[in-house]
Amino acid sequence: MNLLNPFRTRRPRTADGERIYAVGDVHGRADLLVELMRLVIDHYPAMRPPPSRVTLLFLGDIIDRGPDSAACLRMIRDLCEAEGARMLLGNHEDMMLASLDGDPEAQAAWLRNGGLATLHSYGIAPPSADEDSFDFGERLTRGIPQQHVAFLRSLETSYRSGSYFFAHAGVRPGVPLHKQAPEDLYSIRSEFTESDAWHGAVIVHGHSIVDAVEMRPNRIGCDTGAYASGRLSCVCLQDDLQSVLQT
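In full-length UniProt numbering, the protein residues as written are 1 to 247.
Since the hints were derived computationally from the structure, they do not count as laboratory data. A few of these clues could be false.
Derived pair list, reagent style SDA-like, types lysine to any residue, alpha-carbon separation capped at 25 Å [claimed, not checked]: (1) 179 with 157; (2) 179 with 189; (3) 179 with 15; (4) 179 with 163; (5) 179 with 159; (6) 179 with 49; (7) 179 with 148; (8) 179 with 195; (9) 179 with 14; (10) 179 with 162; (11) 179 with 193; (12) 179 with 145; (13) 179 with 38; (14) 179 with 123; (15) 179 with 141; (16) 179 with 98; (17) 179 with 160; (18) 179 with 158; (19) 179 with 190; (20) 179 with 197; (21) 179 with 201.
Here are the in silico distance ranges between beta carbons for each label pair [said to hold, decoys possible]: (22) 150 with 104: 22 to 32 Å; (23) 129 with 42: 46 to 56 Å; (24) 194 with 15: 51 to 61 Å; (25) 81 with 141: 34 to 44 Å; (26) 135 with 217: 42 to 52 Å; (27) 129 with 53: 46 to 56 Å; (28) 177 with 139: 34 to 44 Å; (29) 108 with 210: 19 to 29 Å; (30) 15 with 217: 17 to 27 Å.
Using N, Cα and C, we set each Cβ at its ideal position, and we do this for glycine too.
The whole structure should be built from the sequences, with the hints applied where relevant.
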């Protein structure tokens, strides 16, 4: 056995009996989210063996860019509350939360990176030239349902199942999983995606766009650029089995 990476000599596995549907970046595409959930429902009885529990896991960046961020958040919040689904914090949710708190740099970055589409989905006007960041944050707070804000503030930054570790963006190579900085988990990019290092688990992530779900020995990338490509992807993991669903 390879003591540094035992999973190079055996396939990675979920926790016993757990089936995970890990969904990549939705980015405001409520239409694709509905379509993918139908695929998940159809897939569930077709895969064997039946699991003892199912985890529907959204990898973050549900909002921005696409036209229906408000609807996406409403649907996923409902799934988390009613069906036990989970959602991880993405960098776009982090920018939105910091914007609500009146951070001027976060507000500028958010609006440059798809936040205007989220404002439109909630019926909120963009900030005027003379509106200060605190006032804009207050207006956001009044315009976005408090249930949505509370839901976003409750999000985790990672999830673990067996030899899989889930985070929105990835992990910092060389840092133990239990010591990862939250901002790396939801915002790291090239330092992670260009690394062939073993991270202590197979990392399942979104954030960095690929044409199709990318399965490597040390990571699985699930962001297929749904907002522009029309392809929203999900990787299904159970025991040592792996499969992909895509709109």
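Now the hints, each set against the structure:
1. 179 with 157: holds, 12 Å
2. 179 with 189: holds, 18 Å
3. 179 with 15: holds, 21 Å
4. 179 with 163: holds, 17 Å
5. 179 with 159: At roughly 14 Å apart (the allowed maximum being 25 Å), residue 159 and residue 179 satisfy the hint.
6. 179 with 49: Roughly 35 Å between the alpha carbons, so the hint for residue 179 and residue 49 is violated.
7. 179 with 148: Outside the cut-off at roughly 29 Å; violated.
8. 179 with 195: Within the cut-off at roughly 18 Å; holds.
9. 179 with 14: holds, 21 Å
10. 179 with 162: holds, 18 Å
11. 179 with 193: holds, 19 Å
12. 179 with 145: At roughly 33 Å apart (the allowed maximum being 25 Å), residue 145 and residue 179 break the hint.
13. 179 with 38: At roughly 37 Å apart (the allowed maximum being 25 Å), residue 38 and residue 179 break the hint.
14. 179 with 123: violated, 40 Å
15. 179 with 141: Measuring from Cα to Cα gives roughly 32 Å; hence the hint is violated.
16. 179 with 98: holds, 23 Å
17. 179 with 160: holds, 14 Å
18. 179 with 158: Within the cut-off at roughly 12 Å; holds.
19. 179 with 190: holds, 19 Å
20. 179 with 197: With Cα atoms ~17 Å apart, residue 179 and residue 197 stay inside 25 Å; holds.
21. 179 with 201: Given pair residue 179, residue 201 holds - Cα atoms ~14 Å apart, limit 25 Å.
22. 150 with 104: 22 to 32 Å: Because 24 Å falls inside the window, the suggested range holds.
23. 129 with 42: 46 to 56 Å: holds, 50 Å
24. 194 with 15: 51 to 61 Å: violated, 29 Å
25. 81 with 141: 34 to 44 Å: Hint violated: Cβ distance 22 Å, outside 34 to 44 Å.
26. 135 with 217: 42 to 52 Å: holds, 50 Å
27. 129 with 53: 46 to 56 Å: Holds - the Cβ-Cβ distance for residue 129 and residue 53, about 52 Å, lies within 46 to 56 Å.
28. 177 with 139: 34 to 44 Å: holds, 39 Å
29. 108 with 210: 19 to 29 Å: Holds - the Cβ-Cβ distance for residue 108 and residue 210, about 28 Å, lies within 19 to 29 Å.
30. 15 with 217: 17 to 27 Å: For residue 15 and residue 217 the Cβ distance comes to about 20 Å; the hint holds.
Hint violations for this structure: numbers 6, 7, 12, 13, 14, 15, 24, 25, all remaining hints satisfied.
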